[in-house]
Amino acid sequence: MRRAFSIGALLALALAACSVASLCLGSFGTSSPLEAARALLAWVGVLDESSRAFVIEQRLFRTLTAIGVGASLALSGALMQGVFRNPLASPDILGVSAGASLGAAVAILSLGGYASGLVMEGGFGRAALVNASAFAGALATLALVAALARGGGLSVPGLLLIGVAVNSLLTGVLTALQSFVLEDTGITRAMLAWGFGTLVDRSAEHALLVGLALLPALLATPFVARELDLLGGGEEDAAALGVDVARVQRRSLGAAALAASGAVAVAGQIAFVGLLVPHALRLLVGSAHRTLLPLSALGGAVLLLATDCLQRALFGVERIPPGVVMALLGGPLFVVLLLRSRPALRSW
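Using this note's numbering, read the sequence shown as starting at 8 and increasing by one per residue.
Think of the hints as simulated: they come from the structure by calculation, not from any bench.
Owing to the predicted nature of the structure, the values given are computational and were not obtained by experimental measurement.
Careful, some of the hints might be misleading.
Said to hold, decoys possible - Simulated restraints, written as ranges between beta carbons of each label pair:
#, residue 1, residue 2, range
1, V207, R297, 32 to 42 Å
2, D251, Q185, 14 to 24 Å
3, S13, A183, 47 to 57 Å
4, R297, F203, 20 to 30 Å
5, D208, A247, 49 to 59 Å
6, A320, L20, 12 to 22 Å
Using N, Cα and C, we set each Cβ at its ideal position, and we do this for glycine too.
Throw the hints in and build the complete structure from the sequences for me.
This is the structure we're talking about:
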């Protein structure tokens, strides 16, 4: 417990440092921490500062959105890994991110003139509709994967393979939809943004929507943590100890789908956060979900925000989408973690 507290404190300090750095980095140059602080004070009415627009409109909401998206993806991955008892489970591996993207794309097409779902041109109501459609797509994908796996009598590794297949199918459908709207550059740009992920031009609505999706998932974690620990010994053993396995799975996967869909709806598909962060923290603090779940959310926020700050400092605000950066950094890091954790993997 002391180790988990120490790691949590370090992650909180890292998040604070990355937040300050994010508020100081922008397309109009780099601000000092003092200038960023003055802009924040001006925003709440304490000071009258003309430069506050740079920090608030260009940086603050991007920072808050990155924190919410990273926390949502990592928490979703931790919940899925607990339910499926496999450290390779994550929103992108099981097709949840692709399902959420497809649901959001269908909503964009259905709304017609609402061409750019990621920049809130249609207002909060239509943005919430896109978010709801993304959640429906994520939940339907999870249900499909689980039904196919159970119907075929497949084990957990088999379920992961089903997830990969469904993910490939949904990605193909999404690509086909994009090919039909190539002439409409607004819709095509919005749908492509979901594929690569983006944190550019985030607004207060983006931060609010991802927060509304993340909060219920976080509130659900204390009610499923103990049962997920017992579920780690197998469904039969957990049921013998009094765990309602089906109810725990529904609650956990529902929370995971809600968190992942909220993240995808406002920032698009960003891989490896939901896979890498819970796996790394499990090696550091163990598999007790009472600490693993909140630390995963904190670690995901730190990872995505730090990655965004790094690429902004090196390449500029709009050069490389966060999904591409995470793929370039997350792939090699995950291979290293897998090689270092082979004994732990055998116990799953």
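Hints versus structure:
no.	hint	in the structure
1	V207 x R297: 32 to 42 Å	holds, 37 Å
2	D251 x Q185: 14 to 24 Å	violated, 42 Å
3	S13 x A183: 47 to 57 Å	holds, 49 Å
4	R297 x F203: 20 to 30 Å	violated, 35 Å
5	D208 x A247: 49 to 59 Å	holds, 53 Å
6	A320 x L20: 12 to 22 Å	holds, 19 Å
When the structure is compared with the earlier hints, violations turn up for hints 2 and 4 and for no others.
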